[in-house]
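As numbered in the numbering used here, the sequence shown has no gaps in its residue numbers, which increase by one up to the final residue, 327.
Hints listed in this document are in silico derivations from the structure and should not be mistaken for laboratory results. Just so we're clear, the structure is a prediction, and the values are computed from it rather than from any experiment. Keep in mind that the hints are not guaranteed to be accurate.
FRET-style restraints, in silico, Cβ to Cβ [unchecked claim]:
1. 50 with 168: 50 to 60 Å
2. 182 with 48: 55 to 65 Å
3. 294 with 191: 40 to 50 Å
4. 202 with 169: 43 to 53 Å
5. 187 with 46: 49 to 59 Å
Cβ atoms here follow ideal geometry from the backbone N, Cα and C, with glycine treated the same way.
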Amino acid sequence: MAAIFSRKWIGFTIKALVTLGLIWIVLSNQNLDRLAERVYGMTFWSVVLAAALLLLQAVLAAVRWFIVMRLFGKVLPFQIVLRFYFEGLLFNQALPSTIGGDGVRMYRVVKAGISAEAGINGVLLDRIAGLLALLVIVAVTQPWLYDRVDETGARLTFGAVIAAGLVGVAVLSLCERLPSAVTKWRLMRGLSGLSAQFNALFMLPAVGIPVFGISILGHLLMVLASYVLACDLGLSVSLVDCLVLVPGVMLLAAAPISIAGWGVREVVMVAAMSLLGVPDDGSTSLSLVFGALIAAIGLIGGILWLANPDRRVAILDPVDKQDLK
Numbered sequence: 003m004a005a006i007f008s009r010k011w012i013g014f015t016i017k018a019l020v021t022l023g024l025i026w027i028v029l030s031n032q033n034l035d036r037l038a039e040r041v042y043g044m045t046f047w048s049v050v051l052a053a054a055l056l057l058l059q060a061v062l063a064a065v066r067w068f069i070v071m072r073l074f075g076k077v078l079p080f081q082i083v084l085r086f087y088f089e090g091l092l093f094n095q096a097l098p099s100t101i102g103g104d105g106v107r108m109y110r111v112v113k114a115g116i117s118a119e120a121g122i123n124g125v126l127l128d129r130i131a132g133l134l135a136l137l138v139i140v141a142v143t144q145p146w147l148y149d150r151v152d153e154t155g156a157r158l159t160f161g162a163v164i165a166a167g168l169v170g171v172a173v174l175s176l177c178e179r180l181p182s183a184v185t186k187w188r189l190m191r192g193l194s195g196l197s198a199q200f201n202a203l204f205m206l207p208a209v210g211i212p213v214f215g216i217s218i219l220g221h222l223l224m225v226l227a228s229y230v231l232a233c234d235l236g237l238s239v240s241l242v243d244c245l246v247l248v249p250g251v252m253l254l255a256a257a258p259i260s261i262a263g264w265g266v267r268e269v270v271m272v273a274a275m276s277l278l279g280v281p282d283d284g285s286t287s288l289s290l291v292f293g294a295l296i297a298a299i300g301l302i303g304g305i306l307w308l309a310n311p312d313r314r315v316a317i318l319d320p321v322d323k324q325d326l327k
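Working from the sequences, and respecting the hints, build out all of it.
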């Protein structure tokens, strides 16, 4: 137990160092006075609008998780799922820890009475569905990227991200067919089970269609929020520009190498926006304000955590499988 705890803290420390290092690299090459001028010059209502869009995205993500859990036969009341989701945001964004927001969500649903397999796979599938929807947006907007960006390196980078994502999806889908000689190991057996539930997303329209539809809608709200902030910061970008670049930025920022994507998001945002001629201080300010708003929304989870000390929640009746077809 002590060894596991130690490894978690070592991993967290490495992530913290990566985060601080990347942010330092970005800020050390900035005109900080100009960056601060952009941020302080923002209007109150633009920030409120962007925050409202991101809050709505978070609520939609909770709805997606609620629907995903239907695959496992039992579901919690939506208000409980919503609370657990925002508690996860708290630990993932506002209070980065060794546990992570996904770990908190898994722990909470298992303590609420959901089986460990359903709790873990439900959160993982929810996360995968969100990333897959981002990948779809990145792929669909490639023609617009080519219209705007002539740099071969940037085009190849986006293409490589799409290719890697498709390979990952294919591998996950095929893991359901792992031979019994391999699935005798617990980890591989769990991966095979996750693969089966992932494939079920595509086989059950009553689950798959709303899950991916909600994911796409949520990401479009995120793009719109970034556009609102970009306009208020005085950046010369269009809504389509944000649609082309921001999903790719967020997809790369999801890589688990920093705390809540901080640092990675700033580096990638600067690189992406520079393709359109946006100055570094402008793209950095956009990324920092965007991240700050997400962290602020995560604080809602703290309020819910403190307001609901009772951890006992009831499970609803089993889901009728006929309703999923």
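Hint by hint, here is what the structure shows:
{"no.": "1", "hint": "50 with 168: 50 to 60 Å", "result": "violated (38 Å)"}
{"no.": "2", "hint": "182 with 48: 55 to 65 Å", "result": "holds (57 Å)"}
{"no.": "3", "hint": "294 with 191: 40 to 50 Å", "result": "holds (41 Å)"}
{"no.": "4", "hint": "202 with 169: 43 to 53 Å", "result": "violated (21 Å)"}
{"no.": "5", "hint": "187 with 46: 49 to 59 Å", "result": "holds (55 Å)"}
Going down the numbered hints, you'll see the structure goes against 1, 4, while the others check out.
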